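For this one, chain A is given, so just place chain B on it according to the hints.
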Amino acid sequence: MSGPADGRGGGDRLPGLESRLFDIPEDKFIEVVRLLERVRDHPDVRQTFTAIRPRLVQVRPNRRPTLKRVLCMPFEDVLESFNGVDVPVGRIERRVIDPVWRLVTECGDRALIDQLDRQVQETAPGNLNALRNIGRRLWPMAAQAIQGAIRGVAGGAGEPDTGRQALWRVLQGDEEMRRQLQDVAAFLEIGLTVESLKDALAPKPLAVLDDLHVDAIEQAVQAVARQSAGLVYYLLLVAASRMANPADLLTVLNDLDFGKARREQPAIFAQLSGLVVTNLEERSARLEGKGCGTGHSAGQGEAAVAIAPEEAIAIAERLVASIDTTSAAMDVLADPAYRERLDAVKATVRTMVAGTVLDTASAGILTAVPAPAGNGCTAPVDEDAQAAAEDHARALRRCEGLAGALGLHEPLKDTLVSMEKGLMARAHALLADYPKAAGEPDDAETAEMNLFYALRLLELVAGPAKADRLRTAIMAATGEFAEE
Amino acid sequence: MLKGAIEYAPSTFEERGAAVAFTTPLLSQTRVRRGERSKLEVLIPSLSQGMGIYVVAWKSVPDMVSMTMHDRYLHDLIVREESCSPYEIRRATLKAARRGLAGPKAAQAARRALDEDDEQGTLTHYLLILSILKAVGLESPEMLKAGIDTDEGQRLTRQLMTRAAESLRMDATLLYARLADIAAVTAPVGLAHSPRPGRLTRGLNDLKDFRDGMTGWARDVPGDAAPVAEFCAEVAQHTIGIGEKVLGDFHRRIEAIGPLMRDWDDAFIRVRTQAARMAWLLDGWSHITGAWEVAQAEDRQQQAATVNDLFRILPLLPRLESSRDFVEDSKQVKMAHRRSVRMLEDWRTGQMDIDAIRRIEAVKARAP
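Those protein sequence lines, which keep their order, are chains A and B. Residue numbering for the first sequence is 1 to 484, as defined by UniProt numbering. Residue numbering for the second sequence is 1 to 368, as defined by UniProt numbering.
Excised from the complex, chain A in its bound form:
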């Protein structure tokens, strides 16, 4: 039996190790990854790598280089992420990597592959220049091998029908896979230019596109255009995927000098604009897939993986910024269909925010304030619940910045008022119960802590001016700062 599909359950492989790898300090994690890499071909270890990928993405240890990894360098920015809602523009699915590798090794120049493989094994992790030098010879050969197989002609030293057979085995009628293989071949063709552009557009994600970045993109576009005008589009996909808001690229695109691809510029703009919109739709579809786009109707199973309120707001902020930029940039196309599609994306974001942040506010915020026990005992302090409630309250306040764009002014106002009233009522119930605890120092401290935590939530939701009235009441009840 294989382990659970979520990758964190552990199953019967390397029991307990995966979950522990999420908790150990970063330096230890890197050490363990190094050790595991020595036996990475073992199926259990491969599964372990899949399970710990979220942390690998976060920590980014310098992994042991392999030729397969070098092959992926030109399109690594457009590879789909392992989780989350953000999808790179023009993404390549990770399931494509193995078939690409098989095609290259079966149809490519075997002698060259063996030679480069030996070089990779001698290269230290993190030696990017050495890996690029290897890529310089690998990528054109690999691109040719893939294109050859797609055209039904054997590439390199293979038999005449090797390519067709290999491709048939790889594709098995999967047209989406065929399209992505073509894209991969295009990225490989411009591998070296992509790599130098990556240096200019670093660190990823770029929050702002400044003049130096724009110059670097323009020069790279002109270099690729000299190679083939059709490849410029792929270079721009890499540029877009390195930006926090890929739609920002659209705003500068029409001002760039495309050099030899000048004639294709309007078509490339339209193609990229369409892709940005599709990408936004895809990201919003993922929101629905995560069970947070349907508000109260999210199923039980889905609720377990639903996005946290603060994460939801961060996603919504990015999407709304992208929608606005795309919308402004695409005015030149004057295509009402795009406007409708963008409005639909916005509606999905609105539903997601309403479902994840507003509708759940009562359960997320109010329940963190304990009700008085009633039997004279002090309600215990739950700091985890308090931390989660504070995050939710902050998300609610950040909603104010999105309310205009998403048409959520009224629902947000209603939620804030309802939270304020609810918190005030719960805090006053605790206050009324306080004298029962005041005699016992430990109980008094616990009761006061609960009051201060309620005060803090009220401050986050309603602001300091309103919270200050409660603070005065708490201080009067505890007598802490009473004049002697």
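A few of these clues could be false.
The calculated DSSO-like cross-link candidates involving lysine-lysine, where the alpha carbons are at most 30 Å apart (straight line), are [what the hints assert, rightly or not]: (1) B/Lys59 to A/Lys28; (2) B/Lys134 to B/Lys245; (3) A/Lys28 to A/Lys260; (4) B/Lys105 to A/Lys466; (5) A/Lys466 to B/Lys95; (6) A/Lys421 to B/Lys208; (7) A/Lys436 to A/Lys421; (8) A/Lys198 to A/Lys260; (9) B/Lys95 to A/Lys436; (10) A/Lys466 to A/Lys436; (11) B/Lys208 to A/Lys436; (12) B/Lys39 to B/Lys59; (13) B/Lys331 to B/Lys245; (14) B/Lys208 to A/Lys466; (15) B/Lys105 to A/Lys28; (16) B/Lys105 to B/Lys95; (17) B/Lys95 to B/Lys59; (18) B/Lys208 to B/Lys105; (19) B/Lys39 to B/Lys105.
Below, a sample of chain B positions facing chain A; criterion: calculated Cβ distance under 8 Å [said to hold, decoys possible]: (20) Ser66; (21) Met67; (22) Met69; (23) Arg72; (24) Asp76; (25) Leu101; (26) Gly103; (27) Arg111; (28) Leu114; (29) Asp299; (30) Arg300; (31) Gln301; (32) Gln303; (33) Ala356.
It is worth saying that the hints were derived from the structure and are not from the lab. Predicted, not measured: the structure shown is a model, and the values here were computed from it. We treat Cβ as the ideally placed atom computed from N, Cα and C, and that holds for glycine.
Same frame as chain A, now just chain B:
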């Protein structure tokens, strides 16, 4: 109320004031001191991104600035303190954070810090007893074997300390009282041979990491904030230089515990002064080193904003404590700094900047 912006070049630490870990962004790390007629006043730097310092009467602060609940509570606590040295301000700050008003993580960190203070006090006390016994040639393996927290260990300790007092020609009660005084003064700094460095020694080590971090960042990230980072590293380095000298001197005096006990009146004052100087030197730095650690998880743009934020609250040494006039030097850096400063949004709009408060609270949860 507001006296207007003044050129800020304090002569002494007391005049510079002690940094207060407020969570209201505008007030974060502002300094409090006893002004005319011992009235508390707060020094607010670069109000509205201008130059200079505003001196505000302590009691007027809540009327001027929309403060967080944490800061209102802390404000009330500080006004009740007799003195406003870094020690008193820190105790008040930990008390406010322990109440949960800066969030659960800051509350947990404050509880841990207070527990560590207690443990460090006990450890220092124990190590000082061993030093005294060693100084008078009364080392006892039996006592060490029994442990000081057992009845037998305590009986043996009392016995040996009585003999030590005789050897030092003083009453045992007086020896215990002096021991308690030295332990109280020493615990925050820590003994040279202590298995766990004291809080201030750790602070000095953190400052070295900060200096290295700033130097590296200025080299790796050229831009408007790079000269600001270089200046931060220079101020840190200068403070480290003085701190290491003070620390070495302090440890030498404490190690000579026999002469310290005998020549008590003068020697203890000197030791206490050195410990206080160490606390003043590092005052305000724990927030800065903690903020830089927090910023390591952020992108370079955020890090640049943090560098500029830190410049605004950098603990420049008072004139009498340093041969170099950092106040004057900072004016050159300010020209670059003013181009890339983060807006103090809550001051302009009267609304709380929740993200800015959260950043400050994250530092508090790390370096209470």
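Taking the hints in turn, this is what the structure says about them:
1. B/Lys59 to A/Lys28: Distance ~50 Å between B/Lys59 and A/Lys28 Cα, so the pair is violated.
2. B/Lys134 to B/Lys245: holds (26 Å)
3. A/Lys28 to A/Lys260: Violated. A/Lys28 to A/Lys260 sits at ~51 Å, over the 30 Å cutoff.
4. B/Lys105 to A/Lys466: holds (24 Å)
5. A/Lys466 to B/Lys95: holds (24 Å)
6. A/Lys421 to B/Lys208: violated (49 Å)
7. A/Lys436 to A/Lys421: holds (24 Å)
8. A/Lys198 to A/Lys260: holds (22 Å)
9. B/Lys95 to A/Lys436: Holds - the C-alpha atoms of A/Lys436 and B/Lys95 are around 24 Å apart, at most 30 Å.
10. A/Lys466 to A/Lys436: holds (26 Å)
11. B/Lys208 to A/Lys436: Distance of about 51 Å is beyond 30 Å: violated.
12. B/Lys39 to B/Lys59: Holds, because 9 Å separates the two Cα atoms, which is no more than 30 Å.
13. B/Lys331 to B/Lys245: holds (28 Å)
14. B/Lys208 to A/Lys466: The given pair, whose Cα atoms are some 43 Å apart, is violated under the 30 Å limit.
15. B/Lys105 to A/Lys28: holds (24 Å)
16. B/Lys105 to B/Lys95: holds (14 Å)
17. B/Lys95 to B/Lys59: holds (20 Å)
18. B/Lys208 to B/Lys105: Holds, because 26 Å separates the two Cα atoms, which is no more than 30 Å.
19. B/Lys39 to B/Lys105: Roughly 34 Å separates the two Cα atoms, so the pair is violated.
20. Ser66: At about 6 Å, which falls below the 8 Å cut-off, the nearest Cβ of chain A leaves the hint on B/Ser66 intact, so it holds.
21. Met67: holds (7 Å)
22. Met69: It holds, given that the least Cβ distance between B/Met69 and chain A is near 5 Å, below 8 Å.
23. Arg72: Because about 6 Å separates B/Arg72 from the closest Cβ in chain A, which is inside the 8 Å limit, the hint holds.
24. Asp76: With a closest approach of 5 Å, the B/Asp76 hint holds.
25. Leu101: holds (6 Å)
26. Gly103: holds (6 Å)
27. Arg111: This hint is violated: B/Arg111 lies away from chain A, its Cβ roughly 10 Å from the closest one there, beyond 8 Å.
28. Leu114: violated (13 Å)
29. Asp299: Holds: closest Cβ of chain A sits about 7 Å from B/Asp299, inside 8 Å.
30. Arg300: This interface hint holds because 6 Å falls under the 8 Å limit.
31. Gln301: Hint on B/Gln301: holds, closest Cβ of chain A at ~6 Å, below 8 Å.
32. Gln303: violated (11 Å)
33. Ala356: violated (12 Å)
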